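Student: Dock chain B against chain A, hints included.
There are 2 protein chains.
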Amino acid sequence: MSVPHPRLSINQATIKYTTVAEAVRVVQDAGIGAIGLWREQVQEAGLDESARIIADSGLRYSTHCRGGWFTVEEGPARRTAIDDNRRAIEETATLAAAGAEGSRAVLVLVVGGLPEGSRDLVGARERVRDAVAELAPDARAAGVTLALEPLHPMYASDRSVLSTLPQALDIAADFDPSVVGVTVDTFHIWWDPDVLAHIERAGREGRIATYQVCDWKTPLEADNLLSRHYPGDGMIDFGPMTRAVEATGYDGDIEVELLNQSIWDTAPAEAVRRTIAGFDSAVAPHLV
Amino acid sequence: MSVPHPRLSINQATIKYTTVAEAVRVVQDAGIGAIGLWREQVQEAGLDESARIIADSGLRYSTHCRGGWFTVEEGPARRTAIDDNRRAIEETATLAAAGAEGSRAVLVLVVGGLPEGSRDLVGARERVRDAVAELAPDARAAGVTLALEPLHPMYASDRSVLSTLPQALDIAADFDPSVVGVTVDTFHIWWDPDVLAHIERAGREGRIATYQVCDWKTPLEADNLLSRHYPGDGMIDFGPMTRAVEATGYDGDIEVELLNQSIWDTAPAEAVRRTIAGFDSAVAPHLV
Numbered sequence: 001m002s003v004p005h006p007r008l009s010i011n012q013a014t015i016k017y018t019t020v021a022e023a024v025r026v027v028q029d030a031g032i033g034a035i036g037l038w039r040e041q042v043q044e045a046g047l048d049e050s051a052r053i054i055a056d057s058g059l060r061y062s063t064h065c066r067g068g069w070f071t072v073e074e075g076p077a078r079r080t081a082i083d084d085n086r087r088a089i090e091e092t093a094t095l096a097a098a099g100a101e102g103s104r105a106v107l108v109l110v111v112g113g114l115p116e117g118s119r120d121l122v123g124a125r126e127r128v129r130d131a132v133a134e135l136a137p138d139a140r141a142a143g144v145t146l147a148l149e150p151l152h153p154m155y156a157s158d159r160s161v162l163s164t165l166p167q168a169l170d171i172a173a174d175f176d177p178s179v180v181g182v183t184v185d186t187f188h189i190w191w192d193p194d195v196l197a198h199i200e201r202a203g204r205e206g207r208i209a210t211y212q213v214c215d216w217k218t219p220l221e222a223d224n225l226l227s228r229h230y231p232g233d234g235m236i237d238f239g240p241m242t243r244a245v246e247a248t249g250y251d252g253d254i255e256v257e258l259l260n261q262s263i264w265d266t267a268p269a270e271a272v273r274r275t276i277a278g279f280d281s282a283v284a285p286h287l288v
Numbered sequence: 001m002s003v004p005h006p007r008l009s010i011n012q013a014t015i016k017y018t019t020v021a022e023a024v025r026v027v028q029d030a031g032i033g034a035i036g037l038w039r040e041q042v043q044e045a046g047l048d049e050s051a052r053i054i055a056d057s058g059l060r061y062s063t064h065c066r067g068g069w070f071t072v073e074e075g076p077a078r079r080t081a082i083d084d085n086r087r088a089i090e091e092t093a094t095l096a097a098a099g100a101e102g103s104r105a106v107l108v109l110v111v112g113g114l115p116e117g118s119r120d121l122v123g124a125r126e127r128v129r130d131a132v133a134e135l136a137p138d139a140r141a142a143g144v145t146l147a148l149e150p151l152h153p154m155y156a157s158d159r160s161v162l163s164t165l166p167q168a169l170d171i172a173a174d175f176d177p178s179v180v181g182v183t184v185d186t187f188h189i190w191w192d193p194d195v196l197a198h199i200e201r202a203g204r205e206g207r208i209a210t211y212q213v214c215d216w217k218t219p220l221e222a223d224n225l226l227s228r229h230y231p232g233d234g235m236i237d238f239g240p241m242t243r244a245v246e247a248t249g250y251d252g253d254i255e256v257e258l259l260n261q262s263i264w265d266t267a268p269a270e271a272v273r274r275t276i277a278g279f280d281s282a283v284a285p286h287l288v
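Top line first, the protein sequences correspond to chains A and B. For the first sequence, our numbering assigns the number 1 to the initial residue and increments by one for each residue that follows. For the second sequence, our numbering assigns the number 1 to the initial residue and increments by one for each residue that follows.
Worth flagging that the hints you see were computed from the coordinates, not collected in a lab. Misleading hints may appear alongside valid ones.
Note: identical chains are not told apart, hence a pair may lie in one copy or across any two.
What the hints assert, rightly or not - Derived pair list, reagent style EDC-like, types lysine to aspartate or glutamate, alpha-carbon separation capped at 20 angstroms:
| id | residue 1 | residue 2 |
| --- | --- | --- |
| 1 | K217 | E116 |
| 2 | K217 | D120 |
| 3 | K16 | E270 |
| 4 | K16 | D265 |
Only a predicted model underlies this, so the values are computations on that prediction, with no experimental measurement involved.
Isolated chain A, as found in the complex (with noise of 0.2 angstroms):
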């Protein structure tokens, strides 16, 4: 088995079927530094409990996922929403203060595709703007960074109005970088003709709050949800790409995040391996 890159971090999307518990040790037994957790999984386990696994584990924590789904119109839902997002705020920064030094208190945000009904891309983007604008002051307290993700476009009408990095970077724009920075994820962004010029302006607005590597395979699960691949396994190219995010500066833990029902329906401990020599093979070559 190879030593896992010092880099590399496992998101707990990768090992869907864990507890906080069991996706710790599975990580801390391949001998992995960095781990992000799942809401849901933290949310069964405790808040309190987590974070003591976490601090007992001395694993960095790299992110925590997600928060986001801005993109209703005012009422009790957004509301709900928004009251949501602060819960995640904080067990964000519970969770990095928890971590190993060099832990990010992270929150990935996807932001929500049209709401029920709704044809109105625009006005759904401006609302993802105020609901940023709302959480800021709450992030800023935390010292937590909303990392707003741009997905696929094949996602703008279901998950995420934003789809391109400079269309997440002109929301940050109004926001110090230290509060509201962006997810780069090769999965989503790979296809932009300009994407790394779109790279190279995010770390010049210091707005990289995590890199995160998963490949692209076609044809497309028939949940195109669930289409995401260990890195080498299909047709990105992770060193353009890799190599830009590496010029901007950015140092942090690369997370792989990978929502694929035969990953899992792989054992924990195997798909983190294939993780391991995917990571190995495709990411690390390009790395400072």
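Tutor: Only chain B this time, still in chain A's reference frame:
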């Protein structure tokens, strides 16, 4: 049954399981004024026979579908593709000449994805540019406009390394607008935050060779190629894009091209009836 809008054209892909004669008959019977055919069916009927059917019908010919597949490296496969596109140019000229006044000699180009085993998007895009340069003299001699079609980014690896209008426009810029233009298809570009500016640019540069309207709905079909819907059945707001196209002065036919198994399983006359109704409700109100 509503009277079809005078600028509506049916693309044969919407009624895929038809011969040329059947497609023309069902479009005529519905009172529609224009049609675009697919090469497979034209070749099955024979080009001369297809031209005779078009001439007898009194229909306008709106586009010929489709050429392209330009991304493979130099060698026999690339030569075969280029030669095949030369035949497609001739077909386009012949069918448009057979069509009624207002016909357009437009060959839609789907440029192709990454070649087997390649991860080099940049190189693939350069080979598209090279192929267009090679075919431009033939197109010019035949009086045919090559209409580069950016496809949705979810097809970047398997169908089109051109994902945005600016990419297509940047290639077209090297050529006369009568020789190389672009296909504006709502399905592929609706998610783009700058889509209206891109349409304005396409018009300003004289590049809009055809406008196609097709709706997007999530969840996508298991085969994402077949996820296209009647206008009005999905999440696209046809108003802003249609008004932007109109504002450029584009006054040609507007095609509906629906790749969708359940539409293909509908009787062609019924699929055409539903297309007319969808166009009337979702698109026509925004036309000048």
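Student: Next, verify each hint and record whether it holds.
Tutor: Status of the hints after comparison with the structure:
no., hint, in the structure
1, K217 with E116, "between (30 angstroms within a copy, 12 angstroms between copies)"
2, K217 with D120, "between (31 angstroms within a copy, 14 angstroms between copies)"
3, K16 with E270, "within (13 angstroms within a copy, 45 angstroms between copies)"
4, K16 with D265, "within (9 angstroms within a copy, 38 angstroms between copies)"
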